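With chain A held as given, fit chain B onto it using these hints.
Number of protein chains: 2
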Amino acid sequence: MSPDLLQQLYQLLGPKGVVTEGIEQRTTDGWGNNDCLASVILRPTTTQQVSDIMRLCSAEGQKVVTQGGCTNMTHACDTSRDELVISMERMTVIESVDNSNRTMTVQSGVPLQHIQERAESEGLFFALDLGARGSATIGGNIATNAGGNQVIRYGMAREQVLGLEVVLADGRILSSMNQMLKNNAGYDLKHLFIGSEGTLGIVTRAVLRLRSRLPVATTALVATDQFSKMPRLLNHMESALGGKLGAFETLWQSYYRIAYGGEQQTSPPLPVDYPFYILLESTGIDAQQDREQFLAALETAMEQELICDAVLAESQHQQQGLWAVRDNIPSLQPYQPIILFDISLPLSEMENYLEEMEANIREIDSSLFIATLGHLGDGNLHVAVQLGNDQPERRKAVELAVYGPLQQRGGSISGEHGIGLEKKPYLHLCRSEVEIQLMEQLKKLLDPQCLLNCGKVIE
Amino acid sequence: MSPDLLQQLYQLLGPKGVVTEGIEQRTTDGWGNNDCLASVILRPTTTQQVSDIMRLCSAEGQKVVTQGGCTNMTHACDTSRDELVISMERMTVIESVDNSNRTMTVQSGVPLQHIQERAESEGLFFALDLGARGSATIGGNIATNAGGNQVIRYGMAREQVLGLEVVLADGRILSSMNQMLKNNAGYDLKHLFIGSEGTLGIVTRAVLRLRSRLPVATTALVATDQFSKMPRLLNHMESALGGKLGAFETLWQSYYRIAYGGEQQTSPPLPVDYPFYILLESTGIDAQQDREQFLAALETAMEQELICDAVLAESQHQQQGLWAVRDNIPSLQPYQPIILFDISLPLSEMENYLEEMEANIREIDSSLFIATLGHLGDGNLHVAVQLGNDQPERRKAVELAVYGPLQQRGGSISGEHGIGLEKKPYLHLCRSEVEIQLMEQLKKLLDPQCLLNCGKVIE
Chain A
1 MSPDLLQQLY QLLGPKGVVT EGIEQRTTDG WGNNDCLASV ILRPTTTQQV
51 SDIMRLCSAE GQKVVTQGGC TNMTHACDTS RDELVISMER MTVIESVDNS
101 NRTMTVQSGV PLQHIQERAE SEGLFFALDL GARGSATIGG NIATNAGGNQ
151 VIRYGMAREQ VLGLEVVLAD GRILSSMNQM LKNNAGYDLK HLFIGSEGTL
201 GIVTRAVLRL RSRLPVATTA LVATDQFSKM PRLLNHMESA LGGKLGAFET
251 LWQSYYRIAY GGEQQTSPPL PVDYPFYILL ESTGIDAQQD REQFLAALET
301 AMEQELICDA VLAESQHQQQ GLWAVRDNIP SLQPYQPIIL FDISLPLSEM
351 ENYLEEMEAN IREIDSSLFI ATLGHLGDGN LHVAVQLGND QPERRKAVEL
401 AVYGPLQQRG GSISGEHGIG LEKKPYLHLC RSEVEIQLME QLKKLLDPQC
451 LLNCGKVIE
Chain B
1 MSPDLLQQLY QLLGPKGVVT EGIEQRTTDG WGNNDCLASV ILRPTTTQQV
51 SDIMRLCSAE GQKVVTQGGC TNMTHACDTS RDELVISMER MTVIESVDNS
101 NRTMTVQSGV PLQHIQERAE SEGLFFALDL GARGSATIGG NIATNAGGNQ
151 VIRYGMAREQ VLGLEVVLAD GRILSSMNQM LKNNAGYDLK HLFIGSEGTL
201 GIVTRAVLRL RSRLPVATTA LVATDQFSKM PRLLNHMESA LGGKLGAFET
251 LWQSYYRIAY GGEQQTSPPL PVDYPFYILL ESTGIDAQQD REQFLAALET
301 AMEQELICDA VLAESQHQQQ GLWAVRDNIP SLQPYQPIIL FDISLPLSEM
351 ENYLEEMEAN IREIDSSLFI ATLGHLGDGN LHVAVQLGND QPERRKAVEL
401 AVYGPLQQRG GSISGEHGIG LEKKPYLHLC RSEVEIQLME QLKKLLDPQC
451 LLNCGKVIE
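The listed protein sequences derive, respectively, from chains A and B.
By UniProt numbering, the letter at position 420 of the first sequence is numbered 420, and the numbering carries on one by one without gaps.
By UniProt numbering, the letter at position 5 of the second sequence is numbered 5, and the numbering carries on one by one without gaps.
No wet-lab data here; the hints were simulated from the structure.
This one's a predicted model, so the numbers in the text were calculated from it and none came from an experiment.
Glycine included, every Cβ here is placed at the ideal spot set by N, Cα and C.
There's no promise every hint is true.
[Unchecked claim] Beyond 10 Å from chain B on every Cβ pair, some chain A residues (computed):
no., residue
1, Q8
2, T92
3, K396
[Unchecked claim] Footprint (simulated), chain A over chain B, 3 or more residues, beta carbon under 8 Å:
no., stretch
4, 285–294
5, 409–417
[What the hints assert, rightly or not] Stretch by stretch, here's where chain B covers chain A in the computed footprint (C-beta under 8 Å, at least three residues):
no., stretch
6, 177–185
7, 338–347
Next up, chain A with everything else stripped away, as it sits in the complex (with noise of 0.2 Å):
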């Protein structure tokens, strides 16, 4: 990076603006053990301080990663030594939000949790919710379409966003700052910029959709003796709960085995011996009523042998603790070296895929443990493989053996976390070839220097 740059970098910003020291204590993804290797971190406040850095840069050809509260596990914000890092660690205003429009217009840099909050505090709710919630920025939901546990009910992060801002590589200010559930005015450019990982642009400001808040969730688990149920599960409490089902979390006996020990669990919920696991929620507004309904439709479940075991959660404590067996990620632990997969395909090819993957991985090594988890009804399977050892070598079998069958069933190597570094040999895998050139068009008539976070997603 040239000293002359970085002056101008300083004028433009101030001293508290630019970082050039301490960098390398700071982490790049989820995982926290990825450091930063960039030599200079950019602290903009506002839209136009981004445009400006974006064109004193592309007058140099400097490239830059955008970064916001790095939780990505797919080294998605994985720097070099030539890269400037351009933080949104001091754009966190919430500018507004308007109950009459239910819409909270923010700075990319908020992280989710404030969002949530604050249309909490409205008497409103934010449709998006994920683990990182406290660290993981807004800007990072939109920029790699964020998914998470009411995807079923709400969409995922795309469907959130109403207006988008965007600054380009060469620092035009693309505002599409709109306000209303339809906008057909020409084509809607904010599409092009979310779930593209800040490879076309640089997220700065949004408009986010707010809904009504459903105070009331009702929350069990329940077990299952063949994969096959799962689906039909799916479909029944959809039917039977009217619309109102917002979570079918699954859990593979596997995980389940290792997990139910997380906070506050002393005993599992559900004996360990069964091969399925569903977490099932609605949510709604009168506790009684739903709390009937929910019943009502576990028993037809039951009925109709889908479910062969199943606890309702009789108080908020209660409902934490199913969800702390969900969410005991942390309990995978003792297996790293780990790669946690996310990958997606119909649910009619999932039993099948599963066979045929988990042979793979035992043709390898017939002592790696396996964990699966997920977001069945969202066709979304977290798959946990150990590899045993961390040569690259192992890693890329394994890698082979999960994403290889997802081809010829329509599956997808990630649906919610994203491309970044880790996934890219494998696009083409799930991609076609004109879909690739596609993407590579785009990248060229946006980016055409290659400065915006070079090289991930796609070449």
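Showing chain B alone in chain A's frame:
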């Protein structure tokens, strides 16, 4: 068009695939008063044929207009003598319904109503509905990102599309027939084509999302005396119905007075002297519970003086009667020539906007009739303005009177109908220079010869 090209197209498509006679009897819009001027209509039956057509046309620089059901309101399917029409009228196959994944795979020429009926016959539900359902095709719905009456709960056409197959201007087939709710493997290319009105690619097939059918609809017409009470009523009903609100359609007295006489109505369901009427509908699964909940919500609204009158439909016949008032657009016919606008704007700006807009119209001619109705819950209003005469100057004056006051209020010239030819001159009123630049860049990237619906939406 060169005789050589025509000869090649005959060879490709056979005699049934090429129509050269009776074309002027076809109409190209939803008003039915716009003749098709093209000299040749092509009727492919497969994506491959569409691809072959575009390879031939791009080699010769031949411009094409893709047509579905031609129910658009914006001159989006207009043709000139030197353009070819690619009609989807023979691409009408519903290829499969997957009950487990809850998806339907279709060719793009299938009429919307066939998709709705097929979903229903499988005990499922396709969450897009609009007046032209019988002739509008799913390909047209996707190409225009159609809205309709259920957006408030389920979103627009965009939200119902999981996968898409598109033929590009150069004949390449972009097949992104994703079946999952979640797929973050690289850029989500389908969003480029949804809502781009056939200017970036030709939609040939799609994977649609199906949902649980909610068989119980509870419907009421209510009246209120102040505009400002409608947004409050919307938020009240959203909360009080726990997310079950399916429609919130508003009718101004100006529209209600002429529309109540529609099909099957002899006397108005509510007196005609209230300033505002709202058609409310909830959808669920339990007739009695839903009704009690709905009545309780109305009672609270009455106590809070949000509404001053209400009638609940007691039968399906009565429900249809209430919807017939809403849908009685033909009652505007005596006021022809009219323009039916399709604006959207933030709820908090709407009342003030309408005042300014009406004052503008009165300045042109104080005798012109204005009728307002629309999807207030989505920020989207239809305003019908009588022109008095059909001189281009009058038309332009009225358009400016309606579109002008949108600009400073963050409104849009099109909530759902799109831009086509009709609204193109006004796009700059609701899109910034950078937005329009980027739209033009995308058009140039994907269709450098301007072969696809050239001159619609943008230059």
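Violated hints - listed by number, lowest first: none
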